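Chemist: For the protein sequence lines, the chains are Y and S, in the order given.
Add 273 to a position in the first sequence, counting from 1, and you land on the number used in my numbering.
Add 1 to a position in the second sequence, counting from 1, and you land on the number used in my numbering.
FYI, nobody ran anything at the bench for these hints, they're computed from the structure.
Hints may be right or wrong, so weigh each one.
What the hints assert, rightly or not - Simulated crosslink set (DSSO-like; lysine-lysine; CA at most 27 Å straight-line):
1) 317/Y with 327/Y
2) 286/Y with 317/Y
3) 240/S with 84/S
4) 225/S with 327/Y
5) 4/S with 113/S
6) 191/S with 317/Y
7) 78/S with 240/S
8) 78/S with 327/Y
9) 78/S with 10/S
10) 78/S with 225/S
11) 191/S with 262/S
12) 221/S with 240/S
13) 221/S with 4/S
14) 4/S with 225/S
15) 84/S with 317/Y
16) 317/Y with 78/S
17) 286/Y with 327/Y
18) 191/S with 113/S
19) 10/S with 221/S
20) 84/S with 221/S
21) 221/S with 327/Y
22) 327/Y with 240/S
23) 317/Y with 240/S
24) 78/S with 221/S
As the list claims (entries may be wrong) - Which chain S residues stay away from chain Y? Per the calculated CB distances, all over 12 Å, these:
25) 24
26) 129
27) 293
Quick caveat: nothing in here was measured; it's all calculated off a predicted structure.
Where is the CB? At the ideal position from N, CA and C, for every residue including glycine.
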Amino acid sequence: MVVVLRLENNIRKFRFEHGEISQQDLANAVGVTRLTIHSIETGKFNPSTLLALKIAAYFNVNFEDLFFLENDDEVL
Amino acid sequence: MKKIFQSLKTINLALGFLSILLFLFDAFVFFRLQPKMESFEQLTRFEQPLFTIVGFGLLILLVFYLLSCLQLIRFIKQMETIKPAHVILIVASVIALLIVFADVALLSDIHKQFRHGLNQPEWLLVYPLMAYQFLVAIILLFFNFSGKWHTSSTETIARDINVFLIVQYVGAIFSLMGLTLMSLGFFFSKSWNFSIHTLISGVIFLLPYGLALTYWVITKIREKDRQWFDEKQQHDLGKSALLTLIGVTFLMIILFLFNLKNLTGVISLNWFPFYLFGVLFVFSCGNLFYSSRG
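Pulled out of the complex, with its shape left as it was, chain S reads as follows (with noise of 0.2 Å):
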């Protein structure tokens, strides 16, 4: 197992130098091409493959985060304590990592408004994206290359906590990204579209919860005495539990309340996503507030 991970580690190395030049790259393509298609220029023979290149490295970044984001709750776990520079580092890497589904969306969007001959208003978001994710594979880099993920800790863990403890990091802030945006369809009604708000974004924002809670499953199935939860957990989880049916039950009566004159408008699409990631955020922040606690 150690020899996969060296090999990854390795892999990821030259993963992170590769994005990198890729993002170098399609800086290249997209102040060439911008304006032209922005004009409605024919593209020459050369221009034309771009677009799908860039695609395929929008790939490459793709593993490349999800193994940094691997090999960063690796190293956690050996840790003592979580600091909250790590948690924002997984966060921000996440978010970098979600963020390549939306370049694929926006690039496939700006590829089919050219053929079509309409405007492409999304060139405004693609660059902030893009320079938000060049960043993040910046900082990823550095400390792959540093080597400050190497812990050199050879104390062995039969029971893990703090893999546990990412998963409600992770699930109290993808949860509460996901409230926002639930919360959004009710000021903005009109303009809600089901498929594309409530289905495809959830799904979005329960991506790096299920990621992060397969992690741990996997991570407990490794473990000698497969016990799923020791006795404080056990005591954290039974009071989070509690917590968590006395709030969503509270937010619930809420909702239903401010939609009681229109319960056929948004409320009939979105309340299980919003009471999905109401369960989701109160359980996960339960957990981190009782497992400090005490």
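Only chain Y is shown next, with the shape it has when bound in the complex (with noise of 0.2 Å):
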């Protein structure tokens, strides 16, 4: 049996808690499009670790705060 990891963040959380700020904004802080911001968020695409570390910076909490492993369903 393979357990199969997803990774799963919170930045949709943190952007409410920090004056609901915009993808937009948050793309333009850390150097990215907006369009990929709202890929991460929604599970799409993995960041690098330079750009989860960025955006972790950004809202000033710890990496595992903003990101974190979950499982996926089993796979045999």
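Need the complex rebuilt from these two chains, each delivered in its own frame; the hints are there to steer you.
Modeler: Here it is, written out as structure tokens:
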């Protein structure tokens, strides 16, 4: 049996906790496009370590608070 | 820069109204001259320069469509998502712009054929083309006049994505048109003309992509942090490039096999534009697909 892990994140939650900043504002701050932030938020794209750390630094939180692993469906 | 674009907006509005008046003038000229030219009657002193005035009017129309496309792309750049209506309007405007060249060619042919005492079947094409351009001009003028394009958003965009996506839409649509045209060569090989059908038409279908790409490059150059693509775009471009390699190889194999018995025919002229439009089509579609999918 193989356990598949998926990278999840709390970016949306932190955006709202930080004055409801838009995806565009966050994208501007970390130097990517709005679509990239959207794709990360919805779990469609896994960011590089550098980008993930930049986002964490922007919200002034630990990396683990922002990104975490979650068990996906178990695959035989 | 804002002042320049404000002035362009005003100029474009004026050009829009002028274009509508010019369409009415063109209709007057065509309704007056067509019966006379078709029956090879002598044109009066007043009627002779009318075609030249119509030609100058087409130049104004060309500038109006160009500025409208520019305004539309600037508006879309600020939007959160690109709506299908915007893509349709951009493509419709670019087609209307390209038709200006067709108008010039048709009117020039009509004039030449009249002078040489030949029939002018091109009249049949002039009216539907002009009607389409008129409709697009009305829609563009409406959006311009109503202020719907004048975005109130003050949000700054450090790294653009929408212009990049517009380039992909334009690439996908016009390369599909180019592919369709080049494919026709294999069915109508006897009447295929290399310079008109392959070369000139190929360049005309590549022109919108070239213009959109140039605008995107300018957008990139103006960005403070000039990095051409962010990491997700790099992923998407990589996947699209692989898809293009596989897709176009497959397409070229099919093309080769279908023409195996006639490799000195139209394929000897059309293989390169076919390949070029194929690459552009698969690559643009791939970028659009991966951008939306993640």
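Chemist: Between the alpha carbons of residue 78/S and residue 240/S, is the straight-line distance 27 Å or under?
Modeler: Holds - the C-alpha atoms of residue 240/S and residue 78/S are around 25 Å apart, at most 27 Å.
Chemist: When you look at the beta carbon of residue 129/S, is every beta carbon of chain Y farther off than 12 Å?
Modeler: For residue 129/S, whose nearest Cβ neighbour in chain Y is about 39 Å away, the distance exceeds 12 Å, so it holds.
Chemist: Regarding the pair residue 191/S and residue 113/S, is the alpha-carbon distance no greater than 27 Å?
Modeler: holds, 25 Å
Chemist: Are residue 84/S and residue 221/S close enough, with their CA atoms no more than 27 Å apart?
Modeler: holds, 22 Å
Chemist: Holds or violated: residue 78/S with residue 10/S, Cα cutoff 27 Å?
Modeler: Measuring from Cα to Cα gives roughly 16 Å; hence the hint holds.
Chemist: Would you mind confirming whether the straight-line C-alpha gap from residue 78/S to residue 221/S stays at or under 27 Å?
Modeler: holds, 12 Å
Chemist: CA of residue 286/Y to CA of residue 317/Y, is that 27 Å or under?
Modeler: Satisfied, since the Cα-Cα distance of roughly 17 Å is no more than 27 Å.
Chemist: Would the hint linking residue 317/Y and residue 78/S be met if the CA-CA limit is 27 Å?
Modeler: Holds. Residue 317/Y to residue 78/S sits at ~23 Å (cutoff 27 Å).
Chemist: Are the Cα positions of residue 10/S and residue 221/S separated by 27 Å at most?
Modeler: holds, 23 Å
Chemist: Straight-line Cα separation of residue 327/Y and residue 240/S no greater than 27 Å?
Modeler: holds, 25 Å
Chemist: Hinted pair, alpha-carbon criterion (27 Å max): residue 191/S, residue 262/S. Please report holds or violated.
Modeler: It holds: about 16 Å lies between the C-alpha atoms, which stays within 27 Å.
Chemist: Regarding the pair residue 240/S and residue 84/S, is the alpha-carbon distance no greater than 27 Å?
Modeler: This hinted pair holds, its Cα atoms lying about 24 Å apart.
The structure is inconsistent with the numbered hints 5, 6, 27, although it conforms to all the rest.
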